[in-house]
Amino acid sequence: AQSVTQLDSQVPVFEEAPVELRCNYSSSVSVYLFWYVQYPNQGLQLLLKYLSGSTLVESINGFEAEFNKSQTSFHLRKPSVHISDTAEYFCAAPLGNTGRRALTFGSGTRLQVQP
Amino acid sequence: IAGITQAPTSQILAAGRRMTLRCTQDMRHNAMYWYRQDLGLGLRLIHYSNTAGTTGKGEVPDGYSVSRANTDDFPLTLASAVPSQTSVYFCASSELDNNEQFFGPGTRLTVL
Numbered sequence: 001a002q003s004v005t006q007l008d009s010q011v012p013v014f015e016e017a018p019v020e021l022r023c024n025y026s027s028s029v030s031v032y033l034f035w036y037v038q039y040p041n042q043g044l045q046l047l048l049k050y051l052s053g054s055t056l057v058e059s060i061n062g063f064e065a066e067f068n069k070s071q072t073s074f075h076l077r078k079p080s081v082h083i084s085d086t087a088e089y090f091c092a093a094p095l096g097n098t099g100r101r102a103l104t105f106g107s108g109t110r111l112q113v114q115p
Numbered sequence: 116i117a118g119i120t121q122a123p124t125s126q127i128l129a130a131g132r133r134m135t136l137r138c139t140q141d142m143r144h145n146a147m148y149w150y151r152q153d154l155g156l157g158l159r160l161i162h163y164s165n166t167a168g169t170t171g172k173g174e175v176p177d178g179y180s181v182s183r184a185n186t187d188d189f190p191l192t193l194a195s196a197v198p199s200q201t202s203v204y205f206c207a208s209s210e211l212d213n214n215e216q217f218f219g220p221g222t223r224l225t226v227l
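Top to bottom, those sequences are chains A and B.
Using the numbering used here, the first residue of the first sequence is number 1, and each one after it goes up by one.
Using the numbering used here, the first residue of the second sequence is number 116, and each one after it goes up by one.
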């Protein structure tokens with residue numbers, strides 16, 4: 001079964017600065033990786049996903065993540081953040097023995113964008 | 116209905132009481148899931164169902180039960196609530212063989 005580790009519980013950053021949210025995974029089988037975002041008092045929304053193909057995946061709101069097999073990482077980056085990016089971000093991977101559909105989540109990283 | 120709905124939005128419950136959290140989806144997804152979210156722990160899978168009529172245990176199933184009588188509904192029952200079940204509960208669904216999950220708005224449950 002896969003597992004994911006998010007190394008930072010909180011990341012404060014100023015508006016328009018770049019940001020990187022770190023995620024490492026452990027797996028001995030094919031890798032599927034996801035980033036979800038949770039805005040305050042809401043459910044989770046899919047931000048981007050890696051299933052196969054290009055190792056760099058992008059979201060519609062300027063985030064990108066790169067699948068790095070040698071470093072077992074899937075870090076999320078944005079070159080210039082906005083106040084509206086303030087949210088909690090979760091890295092996720094298939095749980096394993098549930099038909100590869102249920103997910104296991106990291107503990108989350110709270111991104112706090114300050115003016 | 117659009118997507119996934121959960122009810123109630125929030126609930127305060129006395130320990131020992133029985134409680135059912137409701138989840139309904141209108142996307143005709145085969146797979147449905149229940150997660151609990153606790154500070155510092157992320158989301159943990161309680162139970163899942165890959166198709167109507169089948170269910171399975173997740174990472175933290177103790178104290179919870181589920182049923183999947185049809186495609187759209189996936190209720191979660193706490194037979195005898197305990198304070199450690201205080202949490203935010205999220206229902207989610209996905210298409211068969213597609214890991215992209217869609218989440219409901221959550222139910223905030225407090226057990227006193």
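In case anyone wonders, no lab produced these hints; they're calculated from the structure.
Treat the hints with care, since some could be wrong.
[Unchecked claim] So the derived list for chain A, only partly shown, Cβ under 8 Å to chain B, looks like this:
#	residue
1	Y32
2	F34
3	V37
4	G43
5	L44
6	L46
7	T86
8	F90
9	P94
10	G96
11	R101
12	F105
13	G106
14	P115
Note that the structure is predicted; figures quoted are calculated from it, not measured.
Built from N, CA and C at the ideal position, the CB exists for glycine as well.
Status of the hints after comparison with the structure:
1. Annotation: interface hint on Y32 of chain A holds; nearest CB of chain B at approximately 6 Å, less than 8 Å.
2. Checking F34 of chain A against chain B: minimum C-beta separation of about 7 Å stays under 8 Å; hint holds.
3. Below 8 Å, beta-carbon pairs count as interface contacts, and V37 of chain A has none with chain B, the closest being about 11 Å; its hint is therefore violated.
4. Interface restraint check: G43 of chain A against chain B, minimum CB-CB distance 4 Å, threshold 8 Å, status holds.
5. A distance limit of 8 Å between C-beta atoms decides the matter here; for L44 of chain A the minimum to chain B is near 4 Å, and the interface restraint holds.
6. A least Cβ separation of about 6 Å between L46 of chain A and chain B falls short of the 8 Å threshold, and the interface hint therefore holds.
7. Using the Cβ-Cβ criterion of 8 Å, the hint placing T86 of chain A at the interface with chain B is not satisfied: the shortest such distance is roughly 17 Å.
8. Of the supplied interface hints, the one on F90 of chain A holds, with its beta-carbon coming within about 6 Å of a beta-carbon of chain B, less than 8 Å.
9. Contact between P94 of chain A and chain B, as hinted, is supported at the beta carbon level, the nearest pair being about 6 Å apart and thus within 8 Å.
10. Hint status for G96 of chain A: violated, given a least beta-carbon distance of 10 Å to chain B, over 8 Å.
11. Hint on R101 of chain A holds. Least Cβ distance to chain B is approximately 5 Å, under the 8 Å limit.
12. Checking F105 of chain A against chain B by beta carbon gives a least distance of about 4 Å; that is within 8 Å, so the hint holds.
13. Interface hint at G106 of chain A: satisfied, since its Cβ lies 6 Å from the closest Cβ of chain B, which is below the 8 Å cut-off.
14. With its C-beta approaching chain B no nearer than about 26 Å, P115 of chain A sits outside the 8 Å limit, and its interface hint is violated.
Consistency note: the structure conflicts with the earlier hints numbered 3, 7, 10 and 14.
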